[in-house]
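Model the full assembly from the supplied sequences, consistent with the hints where possible.
Those sequence lines, one after another, are chains A, B, C, D, E and F.
Position 173 of the first sequence, counted from 1, bears residue number 206 in this note's numbering, the numbering being contiguous throughout.
Position 147 of the second sequence, counted from 1, bears residue number 180 in this note's numbering, the numbering being contiguous throughout.
Position 224 of the third sequence, counted from 1, bears residue number 257 in this note's numbering, the numbering being contiguous throughout.
Position 37 of the fourth sequence, counted from 1, bears residue number 70 in this note's numbering, the numbering being contiguous throughout.
Position 53 of the fifth sequence, counted from 1, bears residue number 86 in this note's numbering, the numbering being contiguous throughout.
Position 96 of the sixth sequence, counted from 1, bears residue number 129 in this note's numbering, the numbering being contiguous throughout.
Simulated from the structure, these hints should not be mistaken for lab results.
These numbers were taken from a predicted model, which means no experiment stands behind them.
In this text, a Cβ means the ideal position worked out from N, Cα and C, and glycines have one as well.
This list has only true hints and no planted wrong ones.
What the simulated footprint calls covered on chain F by chain E, stretch by stretch (three residues with Cβ under 8 Å from a Cβ of chain E suffice, anywhere in the stretch; the number is not a length):
{"no.": "1", "segment": "39–47"}
{"no.": "2", "segment": "85–95"}
{"no.": "3", "segment": "120–126"}
There are 6 protein chains.
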Amino acid sequence: MYLADETWPDLKAYFEAESLALVPLGSTEQHGPHLPEATDHVIAESLAREAAARTGYLCTPTVNVGISRHHRQFPGTMWVSPDTFRAYVRELTENLTYHGIDRVVYVNAHGGNVDALREVAKDLHAAETCYALEWMWDESVPELVDELFEHNGPHGGPKETAMLQHLTDLVHEDQLAAARDGGVRDIWAAEGTYQNGAATFFDARDNSANGVFGDQTDATAAKGKQLFEAATEQLCELCEWLAARERDELLPAEPV
Amino acid sequence: MYLADETWPDLKAYFEAESLALVPLGSTEQHGPHLPEATDHVIAESLAREAAARTGYLCTPTVNVGISRHHRQFPGTMWVSPDTFRAYVRELTENLTYHGIDRVVYVNAHGGNVDALREVAKDLHAAETCYALEWMWDESVPELVDELFEHNGPHGGPKETAMLQHLTDLVHEDQLAAARDGGVRDIWAAEGTYQNGAATFFDARDNSANGVFGDQTDATAAKGKQLFEAATEQLCELCEWLAARERDELLPAEPV
Amino acid sequence: MYLADETWPDLKAYFEAESLALVPLGSTEQHGPHLPEATDHVIAESLAREAAARTGYLCTPTVNVGISRHHRQFPGTMWVSPDTFRAYVRELTENLTYHGIDRVVYVNAHGGNVDALREVAKDLHAAETCYALEWMWDESVPELVDELFEHNGPHGGPKETAMLQHLTDLVHEDQLAAARDGGVRDIWAAEGTYQNGAATFFDARDNSANGVFGDQTDATAAKGKQLFEAATEQLCELCEWLAARERDELLPAEPV
Amino acid sequence: MYLADETWPDLKAYFEAESLALVPLGSTEQHGPHLPEATDHVIAESLAREAAARTGYLCTPTVNVGISRHHRQFPGTMWVSPDTFRAYVRELTENLTYHGIDRVVYVNAHGGNVDALREVAKDLHAAETCYALEWMWDESVPELVDELFEHNGPHGGPKETAMLQHLTDLVHEDQLAAARDGGVRDIWAAEGTYQNGAATFFDARDNSANGVFGDQTDATAAKGKQLFEAATEQLCELCEWLAARERDELLPAEPV
Amino acid sequence: MYLADETWPDLKAYFEAESLALVPLGSTEQHGPHLPEATDHVIAESLAREAAARTGYLCTPTVNVGISRHHRQFPGTMWVSPDTFRAYVRELTENLTYHGIDRVVYVNAHGGNVDALREVAKDLHAAETCYALEWMWDESVPELVDELFEHNGPHGGPKETAMLQHLTDLVHEDQLAAARDGGVRDIWAAEGTYQNGAATFFDARDNSANGVFGDQTDATAAKGKQLFEAATEQLCELCEWLAARERDELLPAEPV
Amino acid sequence: MYLADETWPDLKAYFEAESLALVPLGSTEQHGPHLPEATDHVIAESLAREAAARTGYLCTPTVNVGISRHHRQFPGTMWVSPDTFRAYVRELTENLTYHGIDRVVYVNAHGGNVDALREVAKDLHAAETCYALEWMWDESVPELVDELFEHNGPHGGPKETAMLQHLTDLVHEDQLAAARDGGVRDIWAAEGTYQNGAATFFDARDNSANGVFGDQTDATAAKGKQLFEAATEQLCELCEWLAARERDELLPAEPV
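In structure tokens form, the structure reads like this:
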């Protein structure tokens, strides 16, 4: 059920029956010469709406702009500060509880949002406002990602490319080789990223001339479909698991 | 040009040539028994993208959740505080200037956002960060609105209904009479809204049992099309006017 | 009853009997070559204290500096940010409730404060802290204003001039014609204030060379007296209306 | 020169010639059964305006509500938090510098404001915004205070009583003995205020049943006049001293 | 008992029996050519741990960096803003109450922290979170300080020097005369510190060329031992006094 | 060189020659029945001071209380919010740059601080304030950790136990088996920690009855010495690497 498409009487019926919501969050930021800046929010929204459609749980509109300052050197990247992103998500989530929501899945497709979403989720949990889970799509299907791609990215790499090939017609197919050759195929093997255990880069531009990583030529729409199906299945299972928890299980533990 | 669909090299070309952006902002909130909660963000996004397509100027993704606490008594309404909304919009706008943007049109379709957007625009102007204009679609075509509808609303009334009839298939046509009869046809004539010059209501629920105002049965898709065309034309003109200003005209005046 | 003139035992008696307070708020900002910068806070304080004297309700001291950055280009204008103004007023109001106040009238005489006061009042209402009304004096007597003056201003125009003529000896009578001729007689007819429905000015200086609007030569102390009497009467009625409400009427509505 | 009474052209002339302003700050809080809650802001405003009149320097309107939570148990006390008070004063001061002010005297008559004003002044100094001095009236004439009164208070005691007798007709003369007998004559000799070097009270109510200290029967209008003259003289001297400083003397020192 | 050295089961036993904690707070800032920058935090920690050892009450780790911007012109001085210091101490204290603490002694050895600690303590008291006392070591033994030293400082003077001689081997004995001669022996007699009752200095550098005050050659380890013993005794007494209070005595008074 | 032990003239000499500082950060929180709550700040401080001693770079005092709310259910855990921790560290770091520091190593021994330190470091880098690196000791020697221990923890496990055995006499050797048996030997194999890719725990208490993980009986002081030596060596190398960078290399990249 997509909240934005419904009227309030229909939503009233939902809240009387259920207390779970999916909140998609992405970013609007450079994804190399071949992918649209929408990449992350398209993935998050597509997964969240598909899982909502399959399970009947509620999906809210998408937060389109997130924590992306580290991509600013590439034109078009939009961002807000971590403080403001946290406040925006925290309030939006707190306010869902007015209607009876007490469990939330943050359907996330942008690595830069992860820490912030976990911080917000911890605050909401400690305050007993609600139980919110940060779920990053590709962390739910790591084996499949490894199986499909030799150099999967992360940012702007073949797993995101394949997803966009499957979900949209916005991929510049003629730029896939350029994306690979102008970027960094294997970030983990690259020089200058870690020094004695400390990460020594701050911005995507520090590592990659075109902003992306991995071998994009390895991506196909068919692989994207596989990924999308597998991740959607994970997400549906997570929603069912979460909906099945007793309210008590979702509260903080007592002091020892 | 829609920012989210483009790659960074394409956007680089845009920023080298132009310095204007349209930012659509709406809300996700109850709009009566007949309209989807998306109503405001659908209108804002549709107008902004259409004007961007016609003029070639850049349109960013939409801010979907705004200042709507006063609709919270109706299920599904989402909101953030004015402080957080202002911060989110301010930062998102400030950060566009990193790429060269120095003039922005906030394409707004939610009355609750107006004061906040003007406050942000004033701050950005005083700080000489950029020149941002708050533009509320129906304030650009007041005569046409009056001509088309006897009781235009405002909230959830025939002007919004007509727009959604034109733009989507999400209107519950069988609820139009119910919307009218369960709400308040003429808010200005209603009792209890003003007392000795002071507004004595805080929430939509204080005035209307079903959250909406005006005569929704007066709406048609054809009227919606007229409104959409007229407002789009106004917005295109505004963009051209703004793009034609000299940078100096857009800065604060000197002290007398 | 004027809070600042009383001792705590006298105020204790008041709070045991009543729960309403008037809080005057103005600004300290340029009002053209003919009016003192005190104009707005003089009007607010005079009306609030007069209404308090007539009704017996409590009037607090005046907040003298408000939201006036848009007048900064004219010497002497003082201001604080909207954030700080809201915090100052919000806390001052919250803290009155410690003594038993649960209903407040913000007696306001500065347009720049309106949005901020409404935002504060909404927060206080939603939090069930108290019921505060923003009351702008000239909005309570619009017909009389229109009847008395052809070009009423707004800022620094004849309605404010007449009020100050009635209340003080601070009006530079020899500057009335200069005020009119060096400013803008009819702001609504002036060029460059609106473009396709968007307000395109940020500061008073953008529109008026001397900072004021309307025809000041139309003002007299007698008209000021009429305005003062009429507005005081409105304010007294508002206080009585508000004091007569049941506590329950003043709380937010329940969810539908 | 009193800013609020002047027009902007007159103030323009002042700012072209001078760069100093006096800002009066007080409180609105209980002062026992004999003094009005205005006591502190009346004293601050009277001294600041008198010194401005004698020296020709500029005096702004008064900040009437300050840091007084520790008097809240007595009806009518108004207060804001230290954070908000600091922000209000800081911004108001920063914004005076737009007009050319670079030196400010905070004319203070409330002990609870002292730390906050010094903190603000330090911030403004370190940021090279301006040079602001916190001046507490009775600290400028300690010998005279000691000479005139055996038990001077501080809060609501004879020195404040005498000042109000001189400046207003708001003193309840018939309550002076009650004030003394229902309060604490000698706070320094009272039990329960200090323990092993630590102050063990938080609120005025912790020490005094009626909120005041000292021997109020020792106050007379004549003594008040003496105090007022002496303190005004000190303040005038301070203004002249400050105005005579070179701009460079007022900036922070360089690192050693 | 030193919290940091214990395991949680041991601390569980403490919290079941007691509800008092000592929190040492100092600074890291210049103390002249003869003393280490640790001076204040060494003193605070030493006193707090000694008193904890003698009484059995709990001592937490030390807050090492405080409010010291006014010493910044001397190399090595570290500082945070008053806002951040207050937040850090407030939260750390609030969170101790999770474990059952309801009374706290801030064992402070830095004058620059005093106002901030008192503000935090007032907030905690008013909110009924806990009862926290600011205790500044040398204010507990003023007579002894006066007896031991003719010119005691304050900053970097003989009382602090003696304490460090007793507690550490970090004092540069060969710099004591230089400290005295390059600084200010008698700050109260110095010119330029007060003007008509207003303090006219902001930074230590404004008064003292080498950052310190008093006659350091008057310090000995034996005097330091005397001071340390006397202050420890005061602190132990204070803890016993505080622990003996009924919970009710420690709450804010009711309104009159 | 340890900042706190030095006088300002000695530090002046350092800042004239070098521009690097090490800042140790830990936590004060439960570490099971066998380890002191100081564990993390002892490790951080020991490594930072040792590396400073060997390389001659400057080490500041330690931040002892960090982000540990997730350990609150175990007595004695102290914490501040992420917002306040970030502000405290950010300001302390910014202010070091007043003395000429432009590169900083955060020597961190608490996982809960990692995200916050990286966020602060990113802000400082983007603002061109300085180049700060978050360095977590055990991430610099992952192979050695794996080689020494089969089940290394993380929290309160054998690697931390061994370090404390080497550095202090605070380890309760008789509790090592209890620590292992009352906790969770292999967190990665434990049930209930992840669900479909989402972490489903918020507090240490959610996973472990005694708050710790791994096999503590595997720890020895000799292994601790090996770890300490290896990590110190990594840290020294990192300092030398960082000190050798050109200032330009440490600034953000230009836009593409």
